[in-house]
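One-letter residues, chain by chain:
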Amino acid sequence: METKTAAKKLQAERILILGFPGNGLIGTFTLSYIIQHLKMKIVGEINHPDLPPTVFVENGDVIGPIRIHRKDNIYAIISEIPIYSELSYDFTEAVLAFCIKNKINKIIVPSGVDAQYVDKKDIKTYGLATDPSLEKLMYENDIPKFIAGTIIGTDAAIIISFRNKHIPLLVLYTSCHPFFPDPQASIHAVTTLAKILKISVDTSEIQKRVDYLRIQHRNLMQETLDTLYQQEPQLPSKAPPIYR
Amino acid sequence: MTRDWFNVDSFDLPIFQFGDDLEQKVLRPLSCVREHESKWVLEFDLPLVEKKDINVYLNDDEMVVVEAKLREVYRDSKFTRHQYEHFKKSISIPKNADIKKISARFTNGRLVVTIPKIFQGTKIKIED
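These protein sequences, in sequence, are chains A and B. For the first sequence, position 232 matches number 232 in this note's numbering, and the numbering has no gaps at all. For the second sequence, position 44 matches number 44 in this note's numbering, and the numbering has no gaps at all.
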């Protein structure tokens, strides 16, 4: 009975899932899977004059690199290009404005954390919430709390902005190899996110393609690292476990 | 209409990677270097590779060279079907490397080369 009530409540809420290239490309892999799985439709794009001019052509249609998708009460924003540090706050402000306009009351951001700073034995997903209601969600889904560390870059900009606006935000940090595309860790991130969203997924087909995916997404991983390393001189000197 | 990152055939056009050699059918793997207090750790991402098919050595230019044969031909997109059969990459040995004690291990498609550092400097005595 309680589960049914919780499921109904989750369905009534408007949820945004947000993913962009970062450690192990976890965010982009995870969003791509969920968008495909739920057959979410494109409902908009985010553009900025300082973004590198990039478009993709799919079946003759032109689509931008940062897209907004929707199905029912779930919205998704996916970026297929790294967000440069200079654009972090503009990007965050655009997402924030979208959330306010569309009365979205819960944001979930799958991301990656360097496995060498957490338990290396097996892949785990940790949660960092800005609101007690999401801490409860973590507890219900057996997601351990991200206890300590330094977060920089777009993740940090998003956490600060949403916390300041009192919009509940949950960042899911999955342990991964930060410098290589990590579809294996992404499968874990997908499974965790699906559990939270109460949707069923079958990742067995992805499992077969993990090696191919690691080769295929080398370019974006390299671009992402170049983007993150731009931020290196601004890093605090003491051991930040993310994006290092 | 969406782009499916998990479907290797959903990318119609080839994704050109810097350093890949189409003529020689050689892919350039991703790699990274991490510095620790007593060692350097080089990592190479080598998916689709078996341990027995990896050749790692130091060349005369003091570079770590990694060559590996893919266990199956890699085709980059359904549009072009460019074919690749090997990985190859060379990385300069970091400073203070103790090249006699280099070791390597290969797990989960990742080659980790550990290079201990040589202690250099003058010992400073702590006075009573």
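Treat the hints as calculated values from the structure; they're not laboratory data. Keep in mind that a hint or two might mislead.
[Said to hold, decoys possible] Taking CB as the label site, the calculated pair distances span:
| id | chain 1 | residue 1 | chain 2 | residue 2 | range |
| --- | --- | --- | --- | --- | --- |
| 1 | B | Ala-104 | A | Gly-44 | 25 to 35 Å |
| 2 | B | Gln-24 | A | Asn-105 | 51 to 61 Å |
| 3 | B | Ile-126 | A | Lys-208 | 58 to 68 Å |
| 4 | A | Ile-147 | B | Lys-101 | 45 to 55 Å |
Backbone N, C-alpha and C define an ideal beta-carbon position, used for all residues, glycine too.
Taking the numbered hints from earlier one at a time, note which ones the structure violates and give those numbers from smallest to largest.
Result: hints 1, 4 break, sorted rising.
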